[in-house]
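Student: Sequence:
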Amino acid sequence: MNKQELAATLWESANTLRANIDASQYKDYILGFIFYRYLSEKELRLLKSMGVEEGNLEYITEDDPETVKGLQDELGYFISYENLFSTWLAMYKKSFNVKNVQDGLNAFDRLISDKHRMLFKGIFKTLQTGLSSLGADAAAQTKAVRNLMDLIKKIPMGNTYQDYDVLGYIYEYLISMFAANAGKKAGEFYTPHEVSMLMADIVADHTKGKDHIEIYDPTSGSGSLLITIGHAAAKYMKDGNSIKYYAQELKENTFNLTRMNLVMRNILPDNIEVRNADTLEKDWPWLDKYHETKPLYLDGVVSNPPYSQPWDPKNKENDPRFAGFGLAPKTKADYAFLLHDLYHLKPDGIMTIVLPHGVLFRGNEEGEIRRNLVEKNHIDTIIGLPPNIFYGTSIPTIIMVLRQKREARDILFIDASKGFEKVGKDNKLRARDIKKIVDTYKGRLDIPKYSRKVSIDEIRKNDYNLNIPRYVDSSEEAEHWDIYSIMNSGLSEEEMGKLAPYWQIFPTLKETLFKKREDGYFIPAVMDVRSAVKENEDVKEFETRFSHAFDGMDRIMEEDLISSMENIPVAGEEEKLAGEIFSRLKDMPLIDPYEAYQILDDAWKGIAADLETIQTEGKDVIRQVLPHMVTKKKKGKDTAVQEGWTSRIIPFALLQHTFLAEDLKNIEEKENRIREIQDLYASFIEEMPEEDKESLLNDSNDAFDMQTIQKKAKEIYEHVETDEIRAMEEYLPIRSQKEKLAFIAVHPDVSWKDMKSYKDGTYGKPAVQKRLKILRMEAPMKEGTTEDMVIRVLKMAEEEKALKKEIKSAEDSLTDRTKNRIEKLSTEEEDILLKAKWIQPLMHALEGLSDKVVVNLEKEVQQMADKYKDTYRDIDEEIRKEETSLASMMGELTGPEKDMEGLRQLAELLGGKV
Numbered sequence: 072m073n074k075q076e077l078a079a080t081l082w083e084s085a086n087t088l089r090a091n092i093d094a095s096q097y098k099d100y101i102l103g104f105i106f107y108r109y110l111s112e113k114e115l116r117l118l119k120s121m122g123v124e125e126g127n128l129e130y131i132t133e134d135d136p137e138t139v140k141g142l143q144d145e146l147g148y149f150i151s152y153e154n155l156f157s158t159w160l161a162m163y164k165k166s167f168n169v170k171n172v173q174d175g176l177n178a179f180d181r182l183i184s185d186k187h188r189m190l191f192k193g194i195f196k197t198l199q200t201g202l203s204s205l206g207a208d209a210a211a212q213t214k215a216v217r218n219l220m221d222l223i224k225k226i227p228m229g230n231t232y233q234d235y236d237v238l239g240y241i242y243e244y245l246i247s248m249f250a251a252n253a254g255k256k257a258g259e260f261y262t263p264h265e266v267s268m269l270m271a272d273i274v275a276d277h278t279k280g281k282d283h284i285e286i287y288d289p290t291s292g293s294g295s296l297l298i299t300i301g302h303a304a305a306k307y308m309k310d311g312n313s314i315k316y317y318a319q320e321l322k323e324n325t326f327n328l329t330r331m332n333l334v335m336r337n338i339l340p341d342n343i344e345v346r347n348a349d350t351l352e353k354d355w356p357w358l359d360k361y362h363e364t365k366p367l368y369l370d371g372v373v374s375n376p377p378y379s380q381p382w383d384p385k386n387k388e389n390d391p392r393f394a395g396f397g398l399a400p401k402t403k404a405d406y407a408f409l410l411h412d413l414y415h416l417k418p419d420g421i422m423t424i425v426l427p428h429g430v431l432f433r434g435n436e437e438g439e440i441r442r443n444l445v446e447k448n449h450i451d452t453i454i455g456l457p458p459n460i461f462y463g464t465s466i467p468t469i470i471m472v473l474r475q476k477r478e479a480r481d482i483l484f485i486d487a488s489k490g491f492e493k494v495g496k497d498n499k500l501r502a503r504d505i506k507k508i509v510d511t512y513k514g515r516l517d518i519p520k521y522s523r524k525v526s527i528d529e530i531r532k533n534d535y536n537l538n539i540p541r542y543v544d545s546s547e548e549a550e551h552w553d554i555y556s557i558m559n560s561g562l563s564e565e566e567m568g569k570l571a572p573y574w575q576i577f578p579t580l581k582e583t584l585f586k587k588r589e590d591g592y593f594i595p596a597v598m599d600v601r602s603a604v605k606e607n608e609d610v611k612e613f614e615t616r617f618s619h620a621f622d623g624m625d626r627i628m629e630e631d632l633i634s635s636m637e638n639i640p641v642a643g644e645e646e647k648l649a650g651e652i653f654s655r656l657k658d659m660p661l662i663d664p665y666e667a668y669q670i671l672d673d674a675w676k677g678i679a680a681d682l683e684t685i686q687t688e689g690k691d692v693i694r695q696v697l698p699h700m701v702t703k704k705k706k707g708k709d710t711a712v713q714e715g716w717t718s719r720i721i722p723f724a725l726l727q728h729t730f731l732a733e734d735l736k737n738i739e740e741k742e743n744r745i746r747e748i749q750d751l752y753a754s755f756i757e758e759m760p761e762e763d764k765e766s767l768l769n770d771s772n773d774a775f776d777m778q779t780i781q782k783k784a785k786e787i788y789e790h791v792e793t794d795e796i797r798a799m800e801e802y803l804p805i806r807s808q809k810e811k812l813a814f815i816a817v818h819p820d821v822s823w824k825d826m827k828s829y830k831d832g833t834y835g836k837p838a839v840q841k842r843l844k845i846l847r848m849e850a851p852m853k854e855g856t857t858e859d860m861v862i863r864v865l866k867m868a869e870e871e872k873a874l875k876k877e878i879k880s881a882e883d884s885l886t887d888r889t890k891n892r893i894e895k896l897s898t899e900e901e902d903i904l905l906k907a908k909w910i911q912p913l914m915h916a917l918e919g920l921s922d923k924v925v926v927n928l929e930k931e932v933q934q935m936a937d938k939y940k941d942t943y944r945d946i947d948e949e950i951r952k953e954e955t956s957l958a959s960m961m962g963e964l965t966g967p968e969k970d971m972e973g974l975r976q977l978a979e980l981l982g983g984k985v
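Residues are numbered in the working numbering as their position in the sequence shown, beginning at 1, plus a constant of 71.
Just so you know, nobody snuck in bad clues.
What follows is a list of derived Cβ distance ranges for each label pair:
1. Gly919 - Lys489: 22 to 32 Å
2. Ile527 - Arg181: 56 to 66 Å
3. Arg181 - Asn218: 23 to 33 Å
4. Ile557 - Asp663: 25 to 35 Å
5. Gln934 - Ile527: 36 to 46 Å
6. Glu629 - Ala732: 18 to 28 Å
7. Lys385 - Lys923: 54 to 64 Å
These aren't lab readings, by the way, just hints derived from the structure by calculation. A virtual CB, placed ideally from N, CA and C, is assigned to each residue, including glycine.
Just need the whole structure built from these sequences, with the hints factored in.
Tutor: Next up, the structure:
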């Protein structure tokens with residue numbers, strides 16, 4: 072499995088194992104055990120690199136002070152052999168007990184090096200105190216821990232970059248899934264990955280070019296936001312170990328999560344500084360080598376603090392973090408967090424913070440702070456996010472970007488609230504949305520209905536209200552209705568102008584589709600809009616021009632992805648291809664380059680997973696086939712059983728369509744025949760008399776009851792008589808060979824050659840009876856009779872049964888052939904298949920963008936043409952006709968006097984007489 076599949080499998084299993092334990096609590100157990108295994112594996116790798124052989128590992132105990140000290144200096148901790156995760160695995164089927172875990176975690180806390188005590192001390196406290204929640208007694212707790220260990224041992228934890236990447240991905244995935252299932256508690260520890268990526272791209276663009284940076288998250292939660300920032304910044308640095316991470320978190324269990332997450336991302340312990348404290352109450356001074364405290368100033372500060380949380384501003388007037396700006400109200404600490412972050416920036420630093428939308432316009436103390444931030448030119452950009460984007464809350468949120476020093480004297484407003492996809496009940500930023508925001512931020516672009524740079528003077532005039540709709544109107548235009556058009560049909564110049572971008576690119580199309588009346592209004596000139604658009608020369612020219620936009624891009628991908636698959640930098644390649652796409656679409660009108668980027672990103676998820684697998688395990692993995700395991704109930708227990716085969720990289724279906732198309736065609740023809748038979752069943756049922764339905768169909772009257780059909784057919788066959796059938800029935804009772812031969816000789820009308828004979832020239836009872844059955848089935852029935860239908864249904868049922876058997880046999884044979892073919896692929900065949908999997912679908916999707924433009928145009932033109940198709944006069948006339956017709960019909964009615972008087976009154980209203 073690739074990392075995505077493995078992560079999803081682990082989550083599914085973990086979610087099953089947790090039973091009734093709350094998701095926000097259970098995460099501490101599974102994530103804690105993953106971390107403990109990581110530390111154990113890391114120590115084992117170090118010991119083996121030091122020359123300690125497998126058989127001597129059991130001597131790694133606390134009784135060897137020199138070894139303990141050496142490991143502590145190198146790792147920051149020491150785990151004795153008896154407490155290693157691998158030791159627990161080796162013994163857990165026999166003598167393992169939950170007490171082993173308790174003892175191991177207690178020993179870990181004792182054996183942390185002094186230098187790294189802040190990083191590791193109490194890191195397993197949440198796990199230690201929560202073990203009792205895994206079961207009512209030691210036996211139940213032991214069973215629960217064993218199940219967790221069985222799950223966790225599936226995660227690869229080697230010593231390669233890919234293993235660290237897989238581990239980090241799985242850890243992040245599990246955190247996000249627990250967050251998604253933790254309700255309101257989710258916001259306490261997790262920032263959705265897409266929001267983290269957006270903030271990371273902004274910070275990384277600002278810090279690129281620096282050889283060493285320091286980044287800080289004062290409300291770190293799981294640490295995922297800080298880690299994402301670091302990964303993004305590292306792409307622009309020669310050495311990723313030149314990033315120092317500072318994290319502070321108030322809640323102890325979440326603080327432990329931060330530390331685990333940072334350590335497991337292979338970040339050097341010396342590059343991690345963490346604190347468990349209240350950020351607003353206990354600021355973070357930096358202790359230098361002379362033991363003097365100095366303020367901590369950093370290159371980047373990022374945070375997603377708790378929204379509108381109460382705090383205590385008492386005696387904070389002289390706090391340097393807030394001096395010169397003002398104190399946030401005690402009911403809402405949003406600006407207190409913002410000012411804290413801003414204070415810790417270096418002069419050339421940058422910060423991004425997630426805040427509720429209200430900070431942009433709330434008054435009083437917050438209004439004063441906002442005024443000071445604007446006047447001191449700290450606010451760089453304000454980004455409005457979609458609603459329902461954070462787990463556990465639906466309130467509108469923003470990202471605010473601030474700097475200590477900047478040259479621009481304006482603020483960039485970006486309304487990104489409309490760009491998202493719906494995922495369940497939540498909204499999610501897509502790759503295209505993130506890239507558009509970042510590109511807009513980096514270029515400080517003014518885009519209608521999306522972004523705008525606003526001068527400080529304009530903000531002053533608005534009394535420092537920063538509410539995004541004041542500056543960027545992203546609302547949809549209200550539907551406009553032209554009164555003249557309602558009465559007379561036709562479209563005004565104004566409405567035609569809505570399609571101005573199309574008329575500009577297709578200058579002759581407007582005259583093709585519409586003609587102008589004397590009153591200046593336009594009416595449709597063609598009945599078939601689709602054909603008119605497709606046949607227009609300007610449209611054809613556009614499609615031809617677009618068809619060359621991606622010329623040669625497939626060769627670039629072949630060279631990079633196929634020829635260099637084992638060493639290509641995966642993340643960098645996506646950026647390179649994105650650059651190609653944007654460059655090629657730069658002068659291509661009507662095509663949204665961000666839609667093209669989304670196509671690339673969607674495809675890249677699968678391509679990247681394959682590349683990472685190949686780079687981790689080597690090219691041989693392309694030819695690797697594994698048993699396809701599924702879970703089935705056996706004796707009441709979930710049991711893994713094999714159902715065929717699956718490949719690591721090459722999908723079976725892809726190879727079959729590429730190299731075994733004839734086999735697929737054979738199966739498809741049989742499947743088509745089965746569909747034809749099922750359609751015939753349906754037509755028979757639709758046409759058959761009601762009395763036959765009652766006797767031949769199932770209780771739902773939607774399918775034949777085959778037991779009844781067989782029984783009816785048997786009765787029908789018993790009454791089928793022909794000369795040949797009668798002769799064969801006379802033959803059956805004959806015993807002697809002589810009499811049988813004589814009978815055969817005098818009955819040449821019987822098709823004896825169609826039966827298998829004995830050596831003496833006679834025929835046995837089984838052969839004769841089989842032939843009799845065939846003759847009865849072949850006997851013609853009167854067309855249209857119930858008997859004819861019953862026999863035809865029975866024959867089709869037998870044909871269907873035989874076809875299904877043939878298909879099953881053919882599919883099994885095809886699976887075996889596919890497996891063998893994948894395992895013996897040549898290098899040339901591998902390249903053909905990888906191109907078909909990675910490159911061709913991507914190119915096809917990109918090349919289809921012009922079709923979407925034309926289809927959208929057709930749709931909009933048709934909607935415009937239909938808008939005033941029926942005028943008010945037409946509708947009014949139709950109503951009058953219907954009223955008159957109804958009144959006329961009422962005139963033919965008779966009834967009691969009072970009823971007739973009521974009808975006369977109604978008819979007068981309708982304009983008729985009764």
